[in-house]
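Asker: Let the hints inform the model, and build the full structure from the sequences given.
In order, the protein sequences belong to chains A and B. Counting from 1 along the first sequence, just add 124 to a position and that's the residue number in my numbering. Counting from 1 along the second sequence, just add 381 to a position and that's the residue number in my numbering.
A couple of the hints might just be wrong.
[Stated by the list, open to error] DSBU-like mimics (lysine-lysine), calculated; alpha carbons at most 30 Å apart, straight line:
hint: 1; chain 1: A; residue 1: Lys177; chain 2: B; residue 2: Lys622
hint: 2; chain 1: B; residue 1: Lys934; chain 2: B; residue 2: Lys904
hint: 3; chain 1: B; residue 1: Lys519; chain 2: A; residue 2: Lys168
hint: 4; chain 1: B; residue 1: Lys1036; chain 2: A; residue 2: Lys168
hint: 5; chain 1: B; residue 1: Lys622; chain 2: A; residue 2: Lys208
hint: 6; chain 1: B; residue 1: Lys584; chain 2: A; residue 2: Lys179
hint: 7; chain 1: B; residue 1: Lys904; chain 2: B; residue 2: Lys414
Source of the hints: derived by calculation from the structure; they are not laboratory data.
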Amino acid sequence: MINYIIRRILYALPILIGVNLLTFALFFVVNTPDNMARIHLGMKHVTPDAIAKWKHERGYDKPLMWNGAAQGGKQATDTIFFEKSVGMFVFDFGRSDEGREIARDIKTRMWPSLAIALPVFVIGLAVNITFAMLMAFFRATYIDFSGVVLCVAMMSVSGLFYIIGGQYLVSKLLHLTPISGFDSGVNAFKFIILPVLIGVVGGIGSGARWYRTIFLEEATRDYVRTARAKGLSELSVLFGHVLKNAMIPILTGAVVVIPLLFMGSLISESFFGIPGLGSYTIDAINAQDFAIVRAMVFLGSVLYIVGLILTDISYTLVDPRIRLE
Amino acid sequence: MRLSLLFFLLLPLLSACGAPPWNSPYPTAEEGKNITYASFAERPKHLDPAQSYSSNEITFTGQIYEPPLQYHYLKRPYTLIPLAAAELPRPLFLDAQGKPLAANAAPEKIAFSVYEIHIKPGMRYQPHPAFARDAQGKFLYHHLAPTDLDRINKLADFRQVGTRELVAADYVHQIKRLAHPKLNSPIFGLMSEYIVGLKEYTKTLARAQKCLAPGSQLDLERYPLAGAEVVDRHTYRVKLKGKYPQFLYWLAMPFFAPVPPEADLFYGQPGMAEKNLTLDWYPVGTGPYMLTENDPNRKMVLERNPNFHGETYPAEGEPGDMAAGLLKDAGKPLPFIDKAVFSLEKESIPYWNKFLQGYYDASGISSDSFDQAVRVATQGEADVTDMMKEKGIRLQTTVTATNYYYGFNMLDPVVGGYSEQARKLRQAISLVIDYEEFISIFANGRGIPAQGPLPPGIFGAHEGAAGINPYVYDWADGKPKRKSLEQAKKLLAEAGYPDGRDEKTGKPLLLYLDLTASGPDDKARLDWVRKQFQKIDLQLVVRNTDYNRFQDKIRKGNAQIFHWGWNADYPDPENFLFLLYGPNARVGKEGENSANYENPEFDRLFERMKNMDNGPERQKIIDEAVAIARRDAPWIWGFHPKQYGLFHAWYQNVKPNLMANNGLKYARVDSAMRARLRREWNPPVLWPLGLFGLALVAALLPAIVVYRRKERQAAI
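Answerer: Here it is, written out as structure tokens:
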């Protein structure tokens, strides 16, 4: 398995270089270093000297990808692309164009994101599986039928509706939790309840319906029929056999997102005033802060690759027939 | 089961017995305290007074730093009064040989203006570790080793703090900082045109910076600046090139606030910036408040500065201020509020709902909530709705010193130029853009159509019939009336485009509008603009583009008609008319004159006017310059937005002041009333939860019964 993981990490390198290259190209197609300087220096009284100085201080006065004026290897290395990219492969994200430590920002902002995303993930998984099992258990009854209708209806509703509707109902009408905000430590609890509740409810439609499909597919297999023939109760059949065998598709969808939980959710964090990573990239794009954009895209790619590797590893844990070689 | 039921039944009672409501976003310990709650939508980029310029930054720096001057809180027109200065400085004018000139000397004879500023003695800085000293009087934290910072993550982690008296040298230090090569002060370019030696000073500092050993700091004290010098402990002198009366307005901005050199030495140590321990993050001032918590992703907290020198609430204001209760605190010591908590609120819906629940003391009004908040009477007067009145919320409005306009690129071969035909084309277009309708539809009536470049309330602007733009309006029935479409069509025909077609080629006149519009509301606005042009058979092509491309087009003069805005730095006509001054053109000169308007007569009048003191002679020149600009019509003058603010009954002493940025010290909060009303407005409602639980059980019960029956059958 170790060899497999090392091989996957090596495969990841060209992917990360490609992602970095693409981010760089997309960013600088839209923004020039002069535009970046103007945005950072403000809208009034910006002089060409100030722009030149800003670019020089941050290394944006160099050629983008190829320095024809340099000699030898410096033609490739004495460029914005090389200088801004190379540090990231050792996770040195450097400073934002505003001057703040990006790693420090990420460390600070990932915890509020996790405080929302982790409970939504865990509770959501539990609720979705339970609801799906319930529908599978009562298949072809009014519960199954109403459950599917409810799931389709919930899937069709925009996530923004859940947020605004949830804030209106729970905070504005019932006055049970704050509409938005965040605090540290235990005091964060009252702020987390509503976004977690909305996150879980908003995910039930698609999640439960997907798991129901998986469970129903498993429920028609021979081993289930055998289990029933042996006289096992329906609950034992579902939880003891169907659930275990349905773990592979469940893990495929679930494990891959675990590392990405750090990245937070843009809309949810914005509406609930959660100081997480969700809006970090969007704010950086709006502020034309390339240093943050490249760091966050790179981090997102790394976490996605880590998620895929973890998914592969998790297969071996739930299915002894699978070996990673 | 019974216990939990009892708990749920008692919880609302507990809430009613003095505990804060469940939906309160603030800690219980803050209940009933003398704190004001506000929000910010965008995190401030800079808090260093040499760099901060945006209004969302000055909201904070204005309360912390004390420049020499400030605006009177209540008087209108806006009046400068001393803040840290002992009195308003009067310039001493010198000729080229350095000989003094009379106060009324002609501007062209004045080679230098010298401002000698005396600051009040005894003012002290907020407690700060940069001033902390040991028993021997040595600074405790000025020679930190990198390991000393291992356990330091925020400013409060330094255990010792100190203070010292504010001295004139701190003001001189800050003026030097404007030229610091690492700070990129936004006003350096402008100030280097005026402050003697500032332009050369930045080069001196840049050279010195290059020679510095790694890890060491640039000591500005070693490099004198000719234009700013210390006279004595409480006096400093600023020497400007020529006459620049607007300099006094700059002296009321944080750019000219004092910065102690100790702060630069403290924050400049290796390892500090990596932990965001910088002056840009933790300001050091003498003002009524100090920033004690800076988490711009969540909240920023200002607390009363225990070393504040003391100031009293103004005893005089405008007529009507007494009746409005704005003078009842006259003579009382400032500030009234102990703490100000600013929470990040990016979305308007939660922000508005929290205001209605009483968790913010004041609020603006977004378009979405306008109808809920404001009722416009038939006479056009705005008032709060009954729902707001029931809550005791009151409305205050004021016309801002802001212009939103459509500009014509005067370099464009079709709409630009100074021929009579081009002028008439621009006048015709100006006439058909019905800003009264625009304000009514798209701004909920919050604005007034502009009659020229000067907003009302700025010296030089006229009220009533004398103030209308005669090329667009007639004065009828005591108010301006937009001229008829026939007049516009006539002008268009005289411009060579009868019925919107070029009379030489017969082709329809196609015009191009450049702007950045991305929001969902923009489509309707653009459709409206197109329809305005269609009124006189002109075809308009909207070239919607991203911000960078738009800026490029304006800079290179590639736009034809564009949408633009300007927010005043200070209440002087110079700060508006310079937007039309030829040498300030955008193309080739990188100035703020985006229309690239260049009329020699206007420029001559502007040059005469800009350095004059307010008076009849200046008014006459302004009138002439504005008349020229109106005739040439380089802008469709657009409108001046009206600022609408809603305030809860417990938030007092509020008077909109568009120039003063240090208004927090005047505000007062009745925290007992706020706590009571918050509890009244936000009682927890629990019965729907019980109902939901019952519904869930009722839905599942038949299924469970069926299952159990089925299981029993299987067992048989």
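Asker: Does each hint fit the structure? Answer for all of them.
Answerer: Structure-based check of all given hints:
Restraint check for Lys177 (chain A) and Lys622 (chain B): satisfied, since their Cα atoms lie roughly 25 Å apart, inside the 30 Å limit. Only pairs whose Cα atoms come within 30 Å are accepted, and Lys934 (chain B) paired with Lys904 (chain B) is accepted, the gap being roughly 21 Å. Annotation: proposed proximity of Lys519 (chain B) to Lys168 (chain A) is violated, straight-line Cα distance about 42 Å (limit 30 Å). Of the supplied pair hints, the one linking Lys1036 (chain B) and Lys168 (chain A) holds, its CA atoms being roughly 27 Å apart against a limit of 30 Å.
Of the pairs offered as hints, the one joining Lys622 (chain B) and Lys208 (chain A) is violated, with about 43 Å between alpha carbons and a cut-off of 30 Å exceeded. Distance hint between Lys584 (chain B) and Lys179 (chain A) is fulfilled; the C-alpha atoms sit about 17 Å from each other, no more than 30 Å. In summary, the hint linking Lys904 (chain B) to Lys414 (chain B) is not supported, as the alpha carbons are separated by about 46 Å, beyond the 30 Å threshold.
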